[in-house]
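Protein chains in written order, with the numbering used here: chain A, 1 to 143; chain B, 1 to 1088.
Rather than coming from a laboratory, the hints here were simulated on the basis of the structure.
Every value quoted in this text rests on a predicted model; they were computed, and no experiment measured them.
All C-beta atoms in this analysis are idealised placements derived from N, C-alpha and C, irrespective of residue type, glycine included.
You may find that some hints are simply not true.
Below, a list of computed lysine-lysine pairs in the DSS-like style, where the Cα atoms sit at most 25 Å apart [stated by the list, open to error]:
(1) A:K114 / B:K204
(2) B:K356 / A:K114
(3) B:K232 / B:K182
(4) A:K114 / B:K319
(5) B:K956 / A:K114
(6) B:K9 / B:K57
(7) B:K204 / B:K350
Here chain B is said to cover these stretches of chain A; the calculated rule only asks that three of the stretch's residues, wherever they fall, bring their Cβ under 8 Å from a Cβ of chain B [unchecked claim]:
(8) 19 to 28
(9) 36 to 42
(10) 48 to 56
(11) 69 to 76
(12) 85 to 97
Facing chain A, according to a computed beta carbon distance under 7 Å, are these residues of chain B, among others [said to hold, decoys possible]:
(13) K599
(14) L1057
(15) A1060
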Amino acid sequence: MSDWEPKIVSFFCNWCTYGAADLAGVSRFEHPANTRVIRVPCSGRISPKFILSAFMNGADGVWVSGCHPGDCHYIEGNYYARRKFALFKNLIEYMGIEPGRLHFSWISSAESTKYVQVITDVINAVKALGPNQQFVKNKAKVA
Amino acid sequence: MITFKLNGKTVQGEEGQYVLQVAEKYGVEIPTLCHHKALEPAGMCRICTVEMFDGRKSKFVTACNYPIWEGMEINTDTEAVHAGRKLIVEMLFARCPEVPLLQKLAKQYGIETPRFKLEHDTCILCGLCARMCEKMGNSAISLTGRGVDMKVDTPFHLQSDVCMACAACVSVCPTGHISLEKLNTEISKRGGKPIASEYERGLKGRKPAYVPYAQAVPNNPVIDRETCIHFKTGGCQVCTSFCGVDAIDHTMQDEVVELSVGAIVLAPGFKPFDPSKFDNYGYVNHPNVMSSIEFERILAASGPTSGHLVRLSDHKEPKKIAWFQCVGSRDMNKCDNAYCSSVCCMYAIKEAVIAKEHSHNPLECTIFYMDMRTHGKDFEKAYNDAKNKHGIRFVRSRVHTIDPVPGSADDLSVRYATDSGEIMTEEFDMVILSVGLETPPELIELSKTLDIDLTPGNFCKTSSFAPVSTSRPGIFVCGAFQGPRDIPQSVVDASAAASAAGEILSPARGTLTKTREAAPQVNVIGERPRIGVFVCHCGINIGGVVNVPAVRDYAASLPYVEYVADNLYSCSQDTQDTMTQIIRDKKLNRVIVAACTPKTHEPLFQETLLNAGLNKYLFEFVNIRNHDSWVHRNNPELATEKAKDLVRMAISKVALMTPLAEAELTIAQSAMVLGGGISGMAAALSLAGQGYETHLVERDDRLGGQALNLYRTAVGENVPEKLKEMVATVEASPLITVHLNSELTQVDGFVGSFTSVLSGEGEPKTLSHGVTVIATGAFPLVPNEYGYGISPKVLTSLELDRRFLAGDPELSKLNSAVFIQCVGSREPQRPYCSRVCCTHSIDNALCLKERNPDMNIYILYRDIRTYGEREYLYKEAREKGIIFIRYDVDHKPVVNVDGDGLTVTVTDPILGRPVEITADLLTLATAIVPPKDEALAQFFKIPLNDDGFFVEKHAKLGPSEFATDGVFLCGLAHYPKPIDEAVAQGKAAASRATTLLAQKTINTSGQVAETDPAQCSACGVCVSICPYSAPSFIDANARMFAGKAQINPVLCKGCGLCVASCRSGAIHLKGFDNDQIFAQIFELNEAV
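For reference, chain B alone in the conformation it holds in the complex:
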C-alpha cells in the first residue's frame, strides 16, 4: 500500500497504480480524452496533467501514466494545473475546431477563439483507436508518419484485410474522427455494420455482450460468440476490465446437460411470417413497408425510435398508415399457409389505435382485411370502438400491389378494389403487413426427433378432448406451436399442459425438494430502535455519482442509527453474510439498505434479515440508483443531497416499523367444481388426477352440459362417444364425488377453507373444500326472429345437431338448406362474438353435403371466423359448392314463412341485388348466452361483465382464475369456446388450483390492513370499496364490537384503499401506515 497526498488529503493506492486510478477511487475528477480503463495508459492527450510535488519542487505530470509513490503530493485543482490544461485544450481546439467535444471543452475553459492557426482536422492523435485495435488482436491501424505528418492509418494507406471491421476504433474515438463510414471506405475491406438486435427486429443495433431484451429472465448479459472479437482473435476481453465482480469467463464452454424427466412440455412458439417473398409488396426494398412485428417495436417506448411514431425512410411522422391483413395467412397462392393466424385482426386494430394515440398529428389509419376476426373476449367491443370511437377505417379488400409513388422515395401507392368493384388508388405514408404465425423449419425437425405428429399447417397435432397432449404420451404442448393463438389462449394452454404433466407426475411431487431451516426470530418489540444503514456503491453505478461515504456519514449522524457501512456490492453473497453477522453482533433491530431498487432486491435483503433472526418487515429500502445516480449523472452534488434526503426519510419510517406476522393458512386438500359440463369435468378429472378429492356439482340430472347437444367436433371427432368416455372416467374416479340435481345455496369461508351448502334431492349437503372452480357454462339463445317457432323448418344449430345425432333420414332428402350466422351475436344487445358458430355452421353444412351432395347450401354471414386451422373447413365448404353470401347488420336477411314454404331474401354484395332462396331447412347460428348468475357472483365475490360472463383475474395473464383467491374459472362461463378450448381451460383452472393446494399452507403478506374496532364508526365504506371483500362487519350478536368492521388478513392484499378512505382513521396498513408515511413527509421540513 502506498500512501500519498491528493489535493491535501491522505490517500492510499496499490503498488503499480497510476495517479488517475487512485483519484478515481477517491472521487477526484481528472479530465482525460485518451484514457481507457482496459488499455495501458499512453499519456497522449495530456489533458490529465496534474501538479506533482516531490518534496523539493513541483512539476507537471500526466495523471494517467504517472505511477504513484510513497510520500508524493498531487494537486489536481491548482491554478497552474488549470492554466496548463487550458493551453492544451486551446491547442487541440485549434487543431480540431469543428469537433463538438473540443468545442465543449474550450467553452468550459473559457476559450472563444484559439490563438493558434486553425487546422480543421478532426483527429487529436490520442492513439486510442490504434491501442484499441491492438488490444483486439488485429493492429490493423496505427499512428503512422512523424511529427506534423502523424496520422491514424493502415499500412501503406491501403484498405486492410486484417481489419475485421469490429468497429472498436469507432466506438472509442473521442472526437468522431473514425466513423463507421471511414472504417468502411478507408480502413477495412470488409463492410462493418451494426450487429442487428434480434429483439428489435434489426431496427436497432446491439453489442456482442448484451442483454437480449429488457424483460429477459435471467436478466444477465450474454456474450455472442459469433460477433465477439475475442473468439476470433483471442484479444479484446475489454469487458473483463469493467466487470467489478470478475463474473466474465471467456473460457466457459457450452455444456450438454442430461436430464431425467417424467414429462416434456413443448412451448417453442412460432416465427412471424417473413413477407420478403412477396415481391408485390416491396417489403425488402421499401423501408416504409414494415411487418407488424417491426411496427410493434416502433410503437414501443423502449424501441428504436423510443416510441415516437416515425417512418424509417425519412423519420417523418406519418399521416396515413395502412394495414394489410392475412399476409402469410389464408393464402395458398403466394405461400402455403392455408390456415388463419387468429391473432392478426386484433393486433392490427390494437396497433392502429395505439398509433393514433402516439401520433402528434391527426393520423388516418386504414385496415384492409378479408374477414374481421375479433372472436376473443371483449375483442368485438375493441373492433367497434376502433371503428366508431377512434375513427379507424376498415376496407374489405385484399390489396394486390404496393408501388412507390413516382417521384417520391418515401410514399407508397396502393391500388385496391372496393366492395362495389371500383378500383381505387390511394397513397399512404406507411404500410404495415399483418404477418401471420408460422412454425419454423427447426421445429418441424424437432417434431421428427421427438416423434410427434403435426397437422397440415405444421402445428402440433392434438385432439379436442386432449388438447395439450401430443401424439406421443408424456409429451405435452402449449402456445402457438399447438396452433396459432393469442396470449390468453396460450396462457390457458400453458396451465393445462402443466396440469397434464402434473397428473402423470403427481406421485413424485415434492420428492426432490429441500426444506430450509429458518433462523429463530429475535423479539424486538419494545426495544428502542437500533438502525443499521448500509449504503451501496453498486460498483461505480452509485458510487460514481453519489458521494457514498458522505451519505454513510450523514446517516450516522441521524437519530437511532447505531451502525453505518458502505459496500461495493451489497447484494454479493459475502456482503450478505457480513451484514447478517453485523446485524447479530450490533443487535440491530431495524435495517436500511440504500442501493439499487426494491423492485428487484427487496426480497434478497429481507432474506438477510431473516437469516439474522430479524422479522423481515423491519426493513426499508432506499432507491439511490435507479431513482438517483442513474438519472442525475451530471449532477453529483444534487444526487448526493437527494440520497441523503431519501435516507433520512427512510430512517424516520423504519424506526416506526414493527415486526409483522404473516397469517398462515391451511388449505383444505379438496376442491369443488361447479358445473358438470365438458370444462367442469376436465377440471375435476385433472384435480383428481393429481390426487385431490373433488366434488363435482351439476344442476341437471346428468353430466355433459351443452356437449350433450353436439354431434361432432370441427376435426370430425364423434362427440357423444368421447363424452360418454369422459363421463365414465369421472364416475369411475374414486376421488370424484358427483352431486347431480344440486344447486349451491350458501357459501362461507375463503381461500383454503370454503364451506358450501348444496340443495337438491333430499337433505341439503354441506361440503368443505379448499378451492372452487366455476364451470357453470352458458346457454344457447332462443331466437325470436327469422321465423323461429313459426315454421318447423327453422332450427337452431344445436337442434340441427340433435337431428344428426338422431340420424334423421329426412336430412338427406332436402334440396336446399340455409344457415344464418350471428343470430343474436354482434348486435347492440349482445355485442360479443359467440366464437364457435361459424365453424359449427360450416361443419353442419358439410355434414349435409355428405348426406346429399346435390343439396344447395347457403351460408349467410357477416364475417367468417374460422380461426386457426378451422379455416380448412371454410375452404373445403367452398370447394364443395356451399355458397357464402355476406350480409350486413343493417340489412339482415328476411325470412318469409308462407304455409309450408320458406323463403330467405338477402342482398348479395357482389350482385348488388336481393336474392331469394327457397329453403327446406333454415338453421340459425344462435348466440351463446351466459346465465348472468348474480347469486353465484355474490357467493364468491366474483365480478360479471356487461355481457354476463365472469371477469377473470387478468384478461391476458390470468384467464382461468379470479382476483378472489382460491376461486377459478373455466368453460363457457368465461366466454364462448369450442370443446378443445373448454377442456384446456378446465385443466388450466385445475392447474391454477393445484398451485394453491400443493402448498398445503400459505403465508399471506404481513403488509395488510387492520381495523381498530374501538375507533370504527361502522360506516361501511371499507366493506363496500374493497375489491377483495376483505373487510366485513363483526356479527351483530358478537359480544365485542358488534357491527364494527374487521379485516380478514388472508383476503387483504394490502393496497390501502380502505385506509385512505376510512372516515374514522380506524384502519391501519401495516408497513405503510399513516404515521410511517407522515414520518417520511415530516422529514422533508428539514430538507427545505
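The shape of chain A in the complex, shown without the other chains:
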C-alpha cells in the first residue's frame, strides 16, 4: 500500500496548459510522473463524460486545465468549461466520488512554475485520498 502511486488523467487544452507543461520540460522542472496527458483543442471540448469514463477506467484522479478566463484561444470556450465543471464537481460529489479527485485549473503557456505547483498539489491531494474505489468498472485490486 505504501508503494501505491495514483494514476491521474489530465486533460489539457492545446494552447495554454499543454504549452505550460511543455515549458516545464524546457525549464527542466522535475515533478512526479503520475499524470497521463490527453491533449484536447480547448477545455470547452471536454465533456463531463470523459471525466466519468476516466474514473470508471481506474483513474484515481482527473485534472482538467485550460487557459485563464479571458485568454481562450477560441475566445470563450473556457468560460463554458468553467460553468460546466463548477456544476459537475457538485454532481460527482453527490455520486460519492471525493471532490479532491477532480481538479480544475487555469495555467497559461508561460506559467511553467504554476504548472509544477499545481501538478504537485493535484498529485498530493489524490494521494491523500488513496486509490479510487468508487464507480470503477473493475475495482482496483489493491491489497
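Keeping the supplied structure of chain A fixed, place chain B upon it in accordance with the hints.
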C-alpha cells in the same frame, strides 16, 4: 566493431572506445566524478571502477579510461565492484566530509562516518579543472606538488595573468572546491564574473553559447564571439563534443549579404531610457531601485527569480513598492526627452497589479505620477480597477530624491510634496523607475545612412496622412521608431507598413515564389489499420532517461502495430526521408511519432506523411520529451512506464483516425469597405493600390466622415486640403467604386464569398466580395451640460473647428476663452478616454493665441493626455501663457449663463479655492461616441464592447481584424484616434485583408466539427454557443433535415465546444472525436 560482454549482455563498441562510453550507449550507469565527455579520460576519481574478466582472471579497472577489446567481460554491478566503490567513496568522504556531493554519495553507499581521519579538504584531486583549463588553451592551473602535498594551483602560487577568468574550472569542479571567489582571489588576476544576460537586463548570467531568449526565432543557440574562449585561445570547442548532429562550426564567418529589394520597412524599436544619469534616484548604487524593464523580469516566471517577487538586495519579499513615472520622459531638465513615452502609465499600472497578485503578503503599491495617461482602449478601465479594486495608491507628485534609510542597507526613503503642498517622507522597500522610450544613437546614425528625417525627439518623421512613410520614398517605418507607442499601435503600424510596401510592390507579387509538387494521396479508407511507431532518442534528451528500445519493443506488441523503429533524431532530414520510404514500403496507414512535443514538430511529421502519400491527419504525436524525459530525469523507470502508457493511448487513438479533407475555399478577389471616412478611404486606397477591386460604402452624400469637421492636425497639417486630395485619389482610382447615400441592409456568406445588399437611392444593389472592412466611425457627443445649447458662446470642439474653417473673424476679437476637457468621457456612463481631445483643445487654444496673443485662455482638465510628441504642444501652450487648471470629476467646473454673460467657476487645486472666469467662448471637448451598431454586429457576427466599440480579434496582437474570418476593423469604430492612427489602421485592415485575398484559395483545417443531422434534435445549443457562428439551422424548407443543425467547415475552428455541449451526441469533432478520446481513456484501464 568490437564485441564484448557487459553485465552478461553482448554489446558492441568502436575500436578505441572506452568501457564507459559503450556502457553509456547501452544505458548502463557507471558513476564517475572526474569524467567529462569533451576531455581525455584520466581515471582520477576511481569511482568508475568495474570488474573485468579476461577469460582467466578478474581484475578491477577504471571504466573511463580502459579501452575495450574483443571478448572481454565487464561487470558493473557485482558485490565486489560495490565494495570497491564504497571504499573509494569512504576515502574521498574522509578527505572532504563537508562536500554535499560526497555526503550524498556516502549516504548512497551506507557510510555514516568514515573510518579514516577526517581532513576537511574540499578538493578530491580529480584534476578535472586542470584538464579543462588545458582544453581551454590556457593551462593556468594544474595539479602541483607530490603525494600528500598535491593540490590544484597556479605556478608559484601566484595569481595568474595567463588565466582569462573564463571560469571553466568553476563550472566543471564537482565538489565546489573552485568557486568564483577562489578564481578571483587566488587563481586569476582578472576579475571573473558571470556574463550578463542581455535579455534578463543583467539580472541573470548566460553562457557564451546561448539562446538569446525563450521566444527567439529561430530558436537556435548562437555563440557569442566576444566571450567564447575558443575565439581567444583557439582551444575549448567543448560544445562540439556535446552536439549530437555536428551542427557547430567555429570557422563560420560573418557574411555581408546583398539583397535587391523594392521597399524597406524599418522596425528597429527603441531603447529603454538609462536612469543611471539621474544620481538623485541612486539607481546605480542601490539594488532596490530598479528600472521598470528590470522589474518586468522579476515578475516573469522565466526571469531571474522565477517570478518570485523579491527585492535584489536581501531577497526579501517587499511590502511597499513605489513607481516613479516619467523617468526620462517629459523632462528637459535632467535629460533631453521632452516627449511623453505614451506607454509607461499603463505598464506601471499593470506591473503594480501583477506585483500584488504575485506577492504572498499584502503589498502596498504606490504610483507617483504627473498626469495619468491611460488613453488606450480599455486602459481607463484598468486604471479605475487598479484604484478601486486592487487598492493601488496614485499620488500626483514628481519625486525629487530617493535616499537610503539611515541604518538600513535595503530600505529607501522618498520625500515628496502632496497636492496640498505638504512635504511627506515615506519609506519603501523598492522603487521602480518607469523609464521612457528612446531612440538609441545607432539608430540616429542609421537614419543618416538611410537619409531619412527625424523629429525633434529623434523619432522617424512621418506625416498624418502617410503615417508609415518616411521622408524617403520606398522606406517605411513602424513601431517605436515612429514615435513612442504601445503594442496594439505597433501592430497596427506594422501591418500598415507592410501594406504600404505591398502597394508599391504589388506588380511583383508572387514572381519569386515556387510551388511544390504534392505527392498523390493513397486511399486508405476501409483498410485495417497498419500503424508505424517511431520512437525518438532526441540524442540523449529522451534516450538518456526513457528506455527507448523498451518503449519501441512494447509498441511492437500492441494491436495493429506493423512497424516500429527508434531514431536518434527523428526530425533530421535523413530520418525523414527514411520514414517516408518506410511508410511507403510497409504500406503503413497510420503513423505515431513519440518524440519532443507536437507544439513544435507536429507539422514537420505531417509533412513526412504527405510526402509518403498519406493524409496528414492519420498521425498522432506522443510527447515523451517535454512531458516526460525532461521532467522525470531522476526516475527513468517511471518515465519509461509513462512513455509506454502514452504510446499505448496514442495507438488506440490513431487507429480510429480517418483521412480528413480540408475544405478549399475560393476568395473572391474584391473587398467592401464600410464607411467613407479617413480610415475607410485609407483602407480602400490601400486595397486598390494592391490591385483589388474595392467597394467603398458611405451612408452620407460625401466622403470624408468626421474629418470634414477638422481644421488642422496636431503637427499643423491643413486637414481640408489633405482630405480633398485623398477624396480625389479615391474617386480617381479605377478599382474603387464609391457608393454614397448607401446603407447595408443584408449580408450573406462568409470569408471569401460575402454577398451584401446596399440600399439607398434607387434600386438596392447587391455586391459580392471576398472580404469586408468595417470603418463605420463614431460621432461627437452632443453635451447636455455646461450651458451647451443655452448660450451661443458654448461650443463643442468640432464646432470651434468649423469656425476656424470658416475663418470667423470674431475669434480674433475674444478676450477670454475657456476649454473644458473630458465632457462625457471618463465618467461612469462613458468610462473610456476619448484620446484625441486634450491635443485637440490645446491645438485650438494655440490657434486662438495665434489670432490674438493677448487672449486669456484657460484649459480645465483632469489629466492632460498629450501622448508621444504631442507633448510639445502642451509645452508650447504653457510657454504661450495658456493657463491649465485641473479639476476632479467630483468637483466639475460650474458654468453660469446670465443673459449674454458666461462665467465658469472652477476650484484651483494650487490655490485651493474657487476661481471665477468670465468667458467669451467656452469650448467643450466632448466624447467620441460609437454608434453601437447592433445590426451591423449581427450581420457579420462581430462583437461590441460595453462602450459600443467593436471588439477586435486580440487587443494587442490583432487590433485590425475580427475573430470572424474575412472581416477587418479600422478607425473610430475600433476606438477614438487621431488622423494618423486612423490612416495607419485603415492601411493595417487592408494589409490583413490582403493576406487573405493574395492566397486566392485557402485550405481550412480538417479538424472541424460535423453534425449528424439524423441525430440532431435541433435544440440550438451549438448555434447559440459557437463563438465563430459556424453552426446554423438547415433551412426550414429544405428537402432533407429541415431545421436541423449544420456546421460550416470553413468557419469552424475546431475548438469542440459544440461537441461537448451537444445533448444528442450529434456532433463529431474530426481528429478529437469522442470515440478517439474515449479510446485513450479506455487504455488507462490496462495501465492501472
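Okay, the hints, checked on the actual structure:
1. A:K114 / B:K204: 21 Å, holds
2. B:K356 / A:K114: 16 Å, holds
3. B:K232 / B:K182: 23 Å, holds
4. A:K114 / B:K319: 22 Å, holds
5. B:K956 / A:K114: The given pair, whose Cα atoms are some 24 Å apart, holds under the 25 Å limit.
6. B:K9 / B:K57: Status holds; Cα separation ~19 Å.
7. B:K204 / B:K350: At roughly 23 Å apart (the allowed maximum being 25 Å), K350 of chain B and K204 of chain B satisfy the hint.
8. 19 to 28: holds (count 9)
9. 36 to 42: That given contact holds, which follows from 7 residues of the stretch 36 to 42 of chain A lying within Cβ reach (below 8 Å) of chain B.
10. 48 to 56: holds (count 4)
11. 69 to 76: With 4 residues close enough to chain B, the hint holds.
12. 85 to 97: The restraint on the stretch 85 to 97 of chain A is violated, since only 0 of its residues have a Cβ under 8 Å from chain B and three are required.
13. K599: 6 Å, holds
14. L1057: 4 Å, holds
15. A1060: The hint holds - A1060 of chain B has a Cβ within 7 Å of chain A, the shortest such distance being about 4 Å.
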